[in-house]
Amino acid sequence: MTTLSGWGRYPRLDCTVRFARSERQVADCLGAAPLIARGNGRAYGDSALNAGLTLDMTGCDRLIAFDESDGILVAEAGVILGDVIAALLPRGWFPAVTPGTKFVTLGGMIAADVHGKNHHKEGSFAECVLWFDLATADGPVVRCSRHENADLFASTLGGMGLTGVIVRAAIRLKPVESGWIRQKTIPARNLAAAIEIFERSLDWTYSVAWIDCLATGANMGRSLVYLGEHAKVQDLGPAQRKDRYRTGRRTSRRVPVDAPGFVLNAYSVKAFNALYYAAGKRAAGERLVDWDSYFYPLDAIGDWNRIYGKAGFAQFQCVLPRQTSPAGLAELLDTISAAGRGSFLAVLKRMGPQDSVFAFPMEGYTLALDFPVSPDNLRLMCALDEIVLRHAGRFYLAKDSRMSAEVFRQSDPRIAAFEAMRAASGASERFTSAQSQRLRIR
Amino acid sequence: MSSKTLLVIGATSDIAKATALVFAREGWDVILSGRDATALEADAADIALRSHQRGSISARVLDILETATFAPFLDSLDILPDVVVCAVGLLGDQAQAEVDPDHAELIMRTNYEGPALLLGHIAHRFVARGSGTIIGISSVAGDRGRASNYVYGSAKAGFSAFLSGLRNRCFKAGVHVMTVKPGFVRTRMTQDMDLPKPVTAEPQEVAARIYRAAMAGGNVVFSQPVWRAIMTVITAIPEPVFKRLSI
Numbered sequence: 001m002t003t004l005s006g007w008g009r010y011p012r013l014d015c016t017v018r019f020a021r022s023e024r025q026v027a028d029c030l031g032a033a034p035l036i037a038r039g040n041g042r043a044y045g046d047s048a049l050n051a052g053l054t055l056d057m058t059g060c061d062r063l064i065a066f067d068e069s070d071g072i073l074v075a076e077a078g079v080i081l082g083d084v085i086a087a088l089l090p091r092g093w094f095p096a097v098t099p100g101t102k103f104v105t106l107g108g109m110i111a112a113d114v115h116g117k118n119h120h121k122e123g124s125f126a127e128c129v130l131w132f133d134l135a136t137a138d139g140p141v142v143r144c145s146r147h148e149n150a151d152l153f154a155s156t157l158g159g160m161g162l163t164g165v166i167v168r169a170a171i172r173l174k175p176v177e178s179g180w181i182r183q184k185t186i187p188a189r190n191l192a193a194a195i196e197i198f199e200r201s202l203d204w205t206y207s208v209a210w211i212d213c214l215a216t217g218a219n220m221g222r223s224l225v226y227l228g229e230h231a232k233v234q235d236l237g238p239a240q241r242k243d244r245y246r247t248g249r250r251t252s253r254r255v256p257v258d259a260p261g262f263v264l265n266a267y268s269v270k271a272f273n274a275l276y277y278a279a280g281k282r283a284a285g286e287r288l289v290d291w292d293s294y295f296y297p298l299d300a301i302g303d304w305n306r307i308y309g310k311a312g313f314a315q316f317q318c319v320l321p322r323q324t325s326p327a328g329l330a331e332l333l334d335t336i337s338a339a340g341r342g343s344f345l346a347v348l349k350r351m352g353p354q355d356s357v358f359a360f361p362m363e364g365y366t367l368a369l370d371f372p373v374s375p376d377n378l379r380l381m382c383a384l385d386e387i388v389l390r391h392a393g394r395f396y397l398a399k400d401s402r403m404s405a406e407v408f409r410q411s412d413p414r415i416a417a418f419e420a421m422r423a424a425s426g427a428s429e430r431f432t433s434a435q436s437q438r439l440r441i442r
Numbered sequence: 443m444s445s446k447t448l449l450v451i452g453a454t455s456d457i458a459k460a461t462a463l464v465f466a467r468e469g470w471d472v473i474l475s476g477r478d479a480t481a482l483e484a485d486a487a488d489i490a491l492r493s494h495q496r497g498s499i500s501a502r503v504l505d506i507l508e509t510a511t512f513a514p515f516l517d518s519l520d521i522l523p524d525v526v527v528c529a530v531g532l533l534g535d536q537a538q539a540e541v542d543p544d545h546a547e548l549i550m551r552t553n554y555e556g557p558a559l560l561l562g563h564i565a566h567r568f569v570a571r572g573s574g575t576i577i578g579i580s581s582v583a584g585d586r587g588r589a590s591n592y593v594y595g596s597a598k599a600g601f602s603a604f605l606s607g608l609r610n611r612c613f614k615a616g617v618h619v620m621t622v623k624p625g626f627v628r629t630r631m632t633q634d635m636d637l638p639k640p641v642t643a644e645p646q647e648v649a650a651r652i653y654r655a656a657m658a659g660g661n662v663v664f665s666q667p668v669w670r671a672i673m674t675v676i677t678a679i680p681e682p683v684f685k686r687l688s689i
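Protein sequences, first through last, are from chains A and B.
Reading the first sequence from the start, the letters are residues 1 to 442 in the numbering used here.
Reading the second sequence from the start, the letters are residues 443 to 689 in the numbering used here.
Possibly wrong hints are sitting among the right ones.
[Stated by the list, open to error] For each label pair, taking beta carbons as the anchor points, the in silico distance ranges come out as:
1) B:Leu637 - A:Ile301: 34 to 40 Å
2) B:Val641 - A:Asp203: 51 to 57 Å
3) B:Asp542 - A:Glu23: 29 to 35 Å
4) B:Leu687 - A:Arg18: 29 to 35 Å
5) B:Val641 - A:Arg440: 27 to 33 Å
6) B:Lys614 - A:Val233: 51 to 57 Å
7) B:Ala650 - A:Pro238: 50 to 56 Å
8) B:Ala650 - A:Gly248: 15 to 21 Å
9) B:Glu647 - A:Ala32: 35 to 41 Å
[To be verified] Which residues of chain B face chain A? A partial, calculated answer using Cβ under 7 Å:
10) Asp488
11) Ser500
12) Arg502
13) Ala546
14) Gln633
15) Met635
[As the list claims (entries may be wrong)] For lysine-lysine, the following DSS-like pairs were computed, each having C-alpha atoms within a straight-line distance of at most 30 Å:
16) A:Lys242 - B:Lys614
17) A:Lys232 - A:Lys174
18) B:Lys639 - A:Lys310
19) A:Lys184 - A:Lys270
20) A:Lys270 - A:Lys174
21) A:Lys242 - A:Lys232
I should point out that these hints are in silico values taken from the structure, not numbers from a laboratory.
For each residue, glycine too, the CB sits at the ideal point set by N, CA and C.
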């Protein structure tokens, strides 16, 4: 028995853990008891926890083949994205879609259908997935793609591991001319200004905004919008051109202990936000940033989840349709700033159209922020849930650790069809997680 | 410019794979050897991709218990390697070993007799050539036998003494022998054990230490410096006290 949790360290659950390093070992674990596969544990909540059996797939971590002619990488599901970058960026390739951390497994990326700062232009990780081999409820490992077992393919992308265990996959990378990003920082004095910047910058490949979720009144929603493009050779300085893909080792720090609970409070966060916004305003304009700092800023701080203390934190991430976003985001931010709660990690992204069986993204705006776990904050998040429902939005399961089954069911009309598929394939008996049990997904 | 060659014995072990990768990234050619040809081929492809294919990575079958195959195996290699890492190990089950002599014998042969005989063959060829480095992965468990794993520990103790003697013999011939003594390492071998995080190393950590020490001519290397201190204490405990302990 091992005590496991997600990245938010809430909730924690004692789980029986088994390790699989091969397809055969995965098959050995598919017994009578339901299980959930687990990657690197970067989902924030209980998506990869199952007290009965959690199948750790991180030992299934071999790269299998890479085709330079089309950028297709075949690899086992436990391969870490950071290792893909280490192996292939020196040869001029980068993940076509990447989430905010590189410490995730390919299987986890598929199961959560992760997205990045380029969803409005290039879609979710599903767009990069050619096929995967899935260990299914009745035993055999099947090849799933848009042409083979297409229904299973579609429901596994974003299916949170509830359709089977991904064993290996073929994913597409994109060719890049350097390891640098041309970043443009634009301060936005409030939410309307931020939205306007996003809407006029849709041709930039990457866009993301850091939002001051505690700013009030006329400043409500003040943000720093970061636009980005992979730097071409002509964008580089002479020193960088010598070795286009090597951007230097970034110094990393580690949070050595759990911070005490009072560190993140209304005053400290407000003060941090004000300083951060001011610094961002001064630094407005274009500069070259290395890929690691641009895509994975938090990865530099090892164990950054400890800043939230022993009680852990809960992530709130929703997506609102385009039409309701201005009003919905305003109401969310009003509620958060009125309560004086929130953290300095509040992120806004623009998403493009997506029509999936169960995955999170839809065209509109997605807001993500964290709250230290406390009874008051859990109540606040319930209030935020209601705002999202009233604006026809939905929630990102890879971040969720506390949503109620009722709210979940109201948020997503696709659930019944997903459940029917699970019942028909026997997956409902074989693959469950603490999250699927909490949300009462059959 | 011809690259140097590393031969890894017991290459499907986590420490072995991590070590092979470190050398491959430095441009070495690597030969992975072990019993499972399919796993070795897959590992070779993985290491080649992770090391940007700077050197060539190949796989050969070798069973550490099949002593008669050692000479033909070495003959079959295109060249005599520059460095050999022997990472063969079997933790086994102490309780079973106490009642099942076949299991005890398997632990002893896999951890001591097989590796020692193979490295003896290799040392002979290295001495004839006048160069080479032999790296044997033993264990801190060999520094003192204790109730919870002495069948494994005693075999590793034999292996450590063999390596030390080999080091002494080969020194004059310009051949270097290094002993690696891992403490707790997070691998397949220990995956069901509850290891204390501060004194448990990752295979990548151990591999980096092995490479650095090998290049610097180290003699006895621990997986983490703290383990040298831990074992100094463990070996210093007087026997009348030690025999009463449950560690």
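Legend entry - Non-conforming hints, listed in increasing numerical order: 1, 5, 7, 11, 12, 13, 15, 16 and 20
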